[in-house]
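Peer 1: Each chain, written out:
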Amino acid sequence: MSQFGAYVVPVVILAIVLCGIIKKQKVFDLFLSGAKEGISIAVNILPALVGLMMAIEMFKASGALDCIVAALAPVGNALHFPSEIVPLALMRPVSGSGSLSVYEGILRTYGADSYIGRVASVLQGSTETTFYTVAIYYGSVSVSKTRHTLPAALSADFIGFIMSIVSVGLILGH
Amino acid sequence: MMNWVWFVLIGISVVFGIATGHINEVSQASLNGAGNAVALFITLLGSMCLWNGLMKIADACGITKALAAILSPITKRLFPDLAPTSAGMKAVSMNIAANFLGLGNAATPFGLCAMKEMAKHSHEKGVATDSMAMFIVMNTASLQLIPTTIAVIRMKYGSVAPFDILPCVWLSSIVTLVSGILLARIFESRQYRMKRAPATPPG
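Top line first, the protein sequences correspond to chains R and A. Okay, so the first sequence: first residue is 1 according to our numbering, each after it adds one. Okay, so the second sequence: first residue is 1001 according to our numbering, each after it adds one.
Among the hints, erroneous ones may be present.
Claimed, not checked - Pairwise CB distance ranges (calculated):
#1 R:I21 with A:K1156: 37 to 43 Å
#2 R:L79 with A:T1043: 35 to 41 Å
#3 A:G1011 with R:A70: 39 to 45 Å
#4 R:H174 with A:G1011: 36 to 42 Å
#5 R:H80 with A:P1080: 39 to 45 Å
Hints listed in this document are in silico derivations from the structure and should not be mistaken for laboratory results. C-beta: ideal position from N, C-alpha, C; glycine also.
Whole structure, please, built from the sequences with the hints as guidance.
Peer 2: Put into structure tokens, the structure is as follows:
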């Protein structure tokens, strides 16, 4: 099943092009006109990308995450959260590459099949890089008043964090 | 709100950088971040062209329309201001399908395409519509059928059954997605009421 990822992209591409050929479409011409529109969309997100990644790289380099984790540890312990995954939960919405390295660190330390490793895997697999998505999607259409987007998305991330603990405890046990 | 997030990230970084003696790294990181953004942009540019081109073909032979029709029982409730066969709804449907199949680098181009179409329905420039917020919340809580990336990493760290977490991932992401949708709905109606209340300043 781990080969699924290797099949899905080529199969989807072939299916779309094949369907175009069957329907007697000029597939390559259509592709070119769509790809051209893609360029302008991509150019629109560059400013948001630069601004966000600069701030996030600074945040990762500052060591602030370790301090925040240390400060939150007593709260986590009081609520019986596995404090080992708190760094991942904090990094997940902020940075994709950052959370990936925190995640790999957890697997290296605790093992992929341990309770902590499983909770971290579920957390990593069932949530997304929220700030990145918000910044890029809104940046592409120059929306600056995001209204209730971040409160809703971050609350959902927190529920995802709780659910990764609950679901592993419920289905696979400690 | 992104203004505040950005400011807080930079503020925390500089203050902690000085306090923990990492200010050299922070300084270096600011330039690296900008450079990495351009590197990521080049990668995105490729997938943006690729999937937008493919979407044009899919559009011409009716795939996107069929997909939009299949998903319409759900999407018409989530995005009431998008017409069922509009370009926006088609792009939204393609984005949902790509997320579900785990085609991460296809989901973003379709998603940005959908945002462009939704921006055309916006009454006020620069302000998010309810549909935009709903769409982004759904994308931040993505539902994925088979999380292959996670399985590959678990295998790398010696997991004997890298897919044993599948039911947990499904349960967790479904609950997260549904709560995200509900929260977006609750928050949007609350904001609507606040806007109508005469004493509250607009925000």
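Peer 1: Work down the list of hints and note, for each, if the structure agrees.
Peer 2: Status of the hints after comparison with the structure:
{"no.": "1", "hint": "R:I21 with A:K1156: 37 to 43 Å", "result": "39 Å, holds"}
{"no.": "2", "hint": "R:L79 with A:T1043: 35 to 41 Å", "result": "39 Å, holds"}
{"no.": "3", "hint": "A:G1011 with R:A70: 39 to 45 Å", "result": "19 Å, violated"}
{"no.": "4", "hint": "R:H174 with A:G1011: 36 to 42 Å", "result": "39 Å, holds"}
{"no.": "5", "hint": "R:H80 with A:P1080: 39 to 45 Å", "result": "42 Å, holds"}
Going down the numbered hints, you'll see the structure goes against just number 3.
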